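The residues making up each chain are set out below.
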Amino acid sequence: MDFKNLKEYLAWLYFQYLIITGIYVLEPWEKSIFNSVLFSAIAMVIYTTYVFVPIHVRLALEFFSVVQ
Amino acid sequence: MAMTAANGILKQHSKQKNSRSEDVKVNGYHKKTQVKNGPGTGVANSLPRHEPFEQAPMYVAVMTYLGYGLVTLFGYFRDFLRAVGLEKCHVAQERSEQKDFVPLYQDFENFYNRNLYMRVRDNWNRPICSLPGPVFDLMERISDDYNWTFRFTGRTIPNVINVGSYNYLGFAENNVDFLKTVAEKTQEYGVGVCSTRQEIANLSLHQELEQLVANFLGLESSMAFGMGFATNSMNIPALVGKGCLILSDELNHTSLILGARLSGATIRVFKHNNMHSLEKMLREAICSGQPRTHRPWKKILIMVEGIYSMEGSVVRLPEILALKKKYKAYLYLDEAHSIGAVGPTGRGVTELFNVNAADVDIMMGTFTKSFGACGGYIAGKKVLVDYIRRHSHSAIYATAMSPPVTEQVIRAMKCIMGQDGGDEGIRRVRQLAENTRYFRARLKEMGFIIYGNDDSPVVPILLYMPAKVVAFAREMLRRKIGVVVVGFPATPITEARARFCLSAAHTRPMLDQVLHHLNEVGDMLCLKFSRRSLAPRPDLEDRTDFHTEE
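The listed protein sequences correspond, in order, to chains E and G.
Using the UniProt record's numbering, count along the first sequence one by one with no gaps and you end on 68.
Using the UniProt record's numbering, count along the second sequence one by one with no gaps and you end on 550.
No lab work stands behind these hints, which were simulated from the structure alone.
Fair warning: this is a prediction, and the values are worked out from it, not measured in the lab.
Heads up, a few of these hints could be off.
Calculated from the model, a selection of chain G residues having no Cβ within reach of chain E, i.e. all distances over 12 Å [to be verified]: (1) 280; (2) 420; (3) 490.
Listed next, the in silico DSBU-like pairs over lysine-lysine satisfying Cα-Cα at most 30 Å (straight line) [to be verified]: (4) 271/G / 324/G; (5) 280/G / 299/G; (6) 480/G / 7/E; (7) 324/G / 4/E; (8) 480/G / 31/E.
On the chain G side, residues computed to face chain E include the following (Cβ under 7 Å) [stated by the list, open to error]: (9) 63; (10) 67; (11) 120; (12) 146; (13) 467; (14) 470.
All C-beta atoms in this analysis are idealised placements derived from N, C-alpha and C, irrespective of residue type, glycine included.
Go ahead and model the full structure; you've got the sequences and the hints to work with.
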């Protein structure tokens, strides 16, 4: 498959996402609901990772006496 | 192989097959069969082709379940909206006065219909406005409210390549020269017969057809019925009853299952094409007898099909015949898809495996698929067919076959046998075989997972995920190819597929066009799951570690 530009490739990736999750068969407003729920879940995961993972890593390293 | 025409029947002289004895493996022991001269006299080919049911990678199954799960969740959400009243309900509902009665529409089938099938049903029941030949015209229809209602735009989509119709030898044609006898007979007999076979509609044309079918198959006698489904469902009750045992393959057609249930016999199901399962069931049945009284069974009937229409797999006929003879059971072979479509001269699976057709007790087939007509037949010994003429529901109560349809079958069969003086019939049989081999080889090369025997003209391509099924059908129609896609409940829920039915009327350029578009759509939708370069999973048919349920 030849993609002329990045936009076409991203459109194909979005199409794959629609097909694999089965959202392709739903009506547009249902697609929006699912996309917003998924997007907010992923945003929350990213935020939590950004805030908490460094602290947890530092505490774990202290526990194993690598860093005092 | 030299072909000679004797009495209009082409016989093969295959010296090399007769001069060595074939080993038939039964129950783990090698059994040497007798070597006789002449074709089709019991020297069976061992199953020549490997039929793996390749399994897709694990992530495909996971994503299939994910897709169904998400759409089911949205189905519950929409049902909630309908129940609360925020959305208008387009389907049948109970009346408000009946809300305390037993609910009618809450079962899974209705849920599936409302929430999954309705969303995508523009891919099925597409109206056709021409002959279903190798190309046809479709009526264009669009929906404004997400497939609850359709309207026709008035335009047609012309010259769509047809890979979904059961037109194996291309006899669905409207060429005036070929249909001359059909027109003559219509003028002579009319169109309606206005009665049943046993009353007053036993036309001489029907007797000519039955004689011809018996000659075609090499059997003593046959009887023709007006509808293929009714041939199975109405005749099995005449053959078996209470106190008999039916051993039926897992993937048998609904008509066989319906006939078996109507008959009142005990039904046991064995794993698809699995001879160990069948043998174990036969032994258990003969040892323990009927369920409570332990009396011996009156009859044991094994029901199989020649080609299974959803998988394209071919029955293991030599092994079943050996088992049948050993345990003294009867065999009912439904050749709906294989008559005319397999075998060097189109005689079906008995010719494909080079076994004697008289070994099969009841040969059944239909005229719908390879002969371009409608109806079915049952053939076998004269004693059997005479009994069926007297006792079959279809013979007594169902209207007889219509004269133009009968004449169409007669002319198609004469064409295949070569009796009309040309070699058009044999050319079509060979063209179908060549198309089948080419198509299957190219698909395997491209990397699709396909099921079935290499000789069967029914080619299912596995698609697995529900949204891919829908996108595939829509995209192929956009490229002017009409395919049939099948999902749950006709197939297991994880194995949705697109089924291609090849035809002798497809030319090589048409097949190349279909393959080219399949290649592109396969890349676009990521459908090429095959990992055939790795060792494939061992066959389902050779498994011995199964559990049979009583």
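Legend entry - Restraint check for residue 280/G with residue 299/G, where alpha carbons must lie at most 30 Å apart: 17 Å, holds
Inset, instruction - Could you grab the alpha-carbon distance between residue 324/G and residue 4/E and see if it respects the 30 Å cut-off? - result: 63 Å, violated
Inset, instruction - Go through the hint on residue 470/G and say holds or violated, using the shortest Cβ distance to chain E against 7 Å. - result: 6 Å, holds
Legend entry - Exclusion check [residue 280/G not at the chain E interface, CB over 12 Å]: Label holds. Min Cβ-Cβ 40 Å, cutoff 12 Å.
Legend entry - Hint status (Cβ of residue 67/G to nearest Cβ of chain E, threshold 7 Å): Holds - the Cβ of residue 67/G comes within 7 Å of chain E, reaching about 3 Å at its closest.
Inset, instruction - For the hint on residue 120/G, just tell me whether its beta-carbon gets within less than 7 Å of chain E. - result: Constraint on residue 120/G satisfied, holds at 5 Å.
Inset, instruction - Could you check if residue 467/G really has its C-beta closer than 7 Å to a C-beta on chain E? - result: Constraint on residue 467/G satisfied, holds at 4 Å.
Inset, instruction - Could you let me know if the closest chain E CB is still more than 12 Å away from the CB of residue 490/G? - result: Given a closest Cβ separation of 18 Å, the condition holds.
Legend entry - Interface hint for residue 146/G, Cβ within 7 Å of any Cβ on chain E: 6 Å, holds
Inset, instruction - Could you let me know if the closest chain E CB is still more than 12 Å away from the CB of residue 420/G? - result: Label holds. Min Cβ-Cβ 50 Å, cutoff 12 Å.
Legend entry - Restraint status (C-alpha distance of residue 480/G to residue 31/E at most 30 Å): 28 Å, holds
Legend entry - Restraint status (C-alpha distance of residue 271/G to residue 324/G at most 30 Å): 17 Å, holds
Violation of the numbered hints given earlier is confined to hint 7; every other hint is satisfied by the structure.
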